[in-house]
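A.B. asks: Letter by letter, the chains look like this.
There are 2 protein chains.
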Amino acid sequence: MKNSKKQIILLGSTGSVGRNVLDVVRKYPEQFHIKAIASFNNVELLVEQAEEFSPEMVTIGNVALYSEIKSRLKGKVKIYAGMKALEEMATEPCDTVFMAIGGVVALKPLVAAIGAGRRIALASKEPIVSAGEIIRNLADKKRSVILPVDSEHSAIMECLLGKTKESLETIYITGSGGALWKVCDKSMGSVTVNDVLRHPKWKMGRKITVDSATLMNKGLEVIEARWLFDVKSEKIKIVIHPEAIIHSLVEFVDGTMRAVLFYPDMRFPILKALSFPEVLPNDFQKVDLFSIGNFSFFAPDVKKFPAVNLAYYVLDKGGTTPAVLNAANETSVNLFLTGKIKFLDIIDTVAKVVHKHKSIKKPSLDDIINAEEWAKGEVLKLW
Amino acid sequence: MKNSKKQIILLGSTGSVGRNVLDVVRKYPEQFHIKAIASFNNVELLVEQAEEFSPEMVTIGNVALYSEIKSRLKGKVKIYAGMKALEEMATEPCDTVFMAIGGVVALKPLVAAIGAGRRIALASKEPIVSAGEIIRNLADKKRSVILPVDSEHSAIMECLLGKTKESLETIYITGSGGALWKVCDKSMGSVTVNDVLRHPKWKMGRKITVDSATLMNKGLEVIEARWLFDVKSEKIKIVIHPEAIIHSLVEFVDGTMRAVLFYPDMRFPILKALSFPEVLPNDFQKVDLFSIGNFSFFAPDVKKFPAVNLAYYVLDKGGTTPAVLNAANETSVNLFLTGKIKFLDIIDTVAKVVHKHKSIKKPSLDDIINAEEWAKGEVLKLW
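Residue numbers (the working numbering), protein chains in the order written: chain A, 1 to 383; chain B, 384 to 766.
Quick caveat, the hints were computed from the structure, so don't treat them as lab data. Hints are all accurate, no fakes.
As a list, the in silico SDA-like pairs of lysine to any residue whose alpha-carbon atoms are at most 25 angstroms apart:
(1) A:K201 - B:F681
(2) B:K669 - A:V231
(3) B:K620 - A:A244
(4) A:K207 - A:G339
(5) A:K235 - B:P664
(6) B:K491 - B:K745
(7) A:K6 - B:K546
(8) A:K163 - B:K548
(9) A:K142 - A:E92
(10) A:K165 - B:K410
(11) A:K163 - B:L551
(12) B:K548 - A:D288
Owing to the predicted nature of the structure, the values given are computational and were not obtained by experimental measurement.
Use the sequences and the hints to build the structure in full.
C.D. replies: Now the structure itself:
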């Protein structure tokens, strides 16, 4: 019986997306088996997950925690530690490597999994922002299928199914607008971390919730879409849709559009990525068109949210510049979350570092990792 | 060059849909060739169309007009007359038989075209309402592909592309609500023909515009969807969407939905039916999400618009009952358009005739035609 189940390797099992993945797997015990889980340093939850899901392998990113987890799980499972072990875990035979690690550290394990020709469920947008061209080319060469888990990209993939590349006119990435959509321009300078973390529609990790508030999240998604679907940036637009029911739309050259709708719950795109092309019934909350009543659409306010145009700028600039945007943003968001900078400083800092950077054309993976390190250092130098 | 063009036989070329078909063909002279056209009695326009599009065949339904059209088009083209000639024209070799004849008279030519295994672009909903099961079975047997042209069914087809039948949960047929959507209940008894013909979103023929106002059009579309997509009636719902941009939605068993959007212009679904699976660029007005701003959704008011539940009733009753609904409705709409009955009498009359009818199970095509004749007679007896 076990052999007929889809074997899943889950990197980032203790984060927001990772916990949702396990919640989905819990609902389909006949369909999926968790072969391996990994976390950077959440020993407590990792042990709990290992006991519930009985994986064959458990990896802890932080080597200092190896002996603790070893003693807690002794004899029950193979235990590994360190970032290199995480990369190796990502290449193990399985049906799906689920990448749910946030931030720039996701890059190496993702490249390793693609290099091994694995089928990837990709929730981490940062690596594809930093190294989109390398990842796209490697995935094509290794015939590694990347199924997006970001709700917007999951919807775009669904919109594009069965369509030729030539028939695509415009991708409209929707966004709820984030926590500050309705905050007036004058008050933007004084918003607090708590204001920013109060997202109107999605329960997510802290970093992505800040990115939603700056609209950098949409900017990163534009870059992500460019490489996931191999579409030029001028064909990718952002539309604010506060109800967060339509997760993206695609317009075709004949002027017709397809849209994909679901209740804002990450388990929908997670289930899709795990089960694709199968369509599995579930008990998640559904869209009730009659009770929603209204869908609205707005153009993003690019003056209030300069992250949008900055993302298009780095995408057109290419080379190592998107990696600099990504790492500078991650570092600046951390500074904001720890109270060291104000909200408006986030994108201001990112812009300064981006404009200071001398982009390397046709970068190697090491060039990209070096550029990220440089960007992180530049942000810290500024504060 | 001419041989590489798609050959189209257009039945009902002088009606609202037929003229739109020719407008589409006019824009793609390298793609499509009109092989044959037919009209019931609009000699003037038929001659004009024959001169512009140079078809090989022209058929006039009304035999009394044969000599007039013959003298007007002498030597230029083969001319036929009568309903039997129309049926024969529908079986001629071609790439697409475009059925744009309104009303019950479309049934025989449609059955003839399907019997000949032709690819059909179906704009006429009445025949599939009356004889859905016969048409479905015959099309399956003859491997005749039916591409819907009704905007809602064109959208549903698009939503279902690449999906298994088992994955379908619910079809949501959208409707603008018609001309009387905002008229209060008390005023419904006194609306005039002019009120009813003022459709807010679509420019269409008179009969379908009245059907939009009674919501019988949505009822007929539910029946049409049942047979076009072989879906049980409980899986088909109606949702009022006054902006008329989303042309239908399909929910799948995993709780995700696909929707199809386009500006309300019949040329979109016409072009799709002619070119499918190709996607052709065009200069028709496109949806501008930013200028639309809002989409709204309402449940249909089934007390104000009893046609909705009447349609579900006849669908569940089956046999010859849907044909009776269809013919009684067509006759009643004509009585309304000629000022002989009031607006609320339309559905009231249809309901009386439907409830009087003794349905024949597993009807033949003749049973259906006889039931339609009977229904027409019953309506006229009542007024």
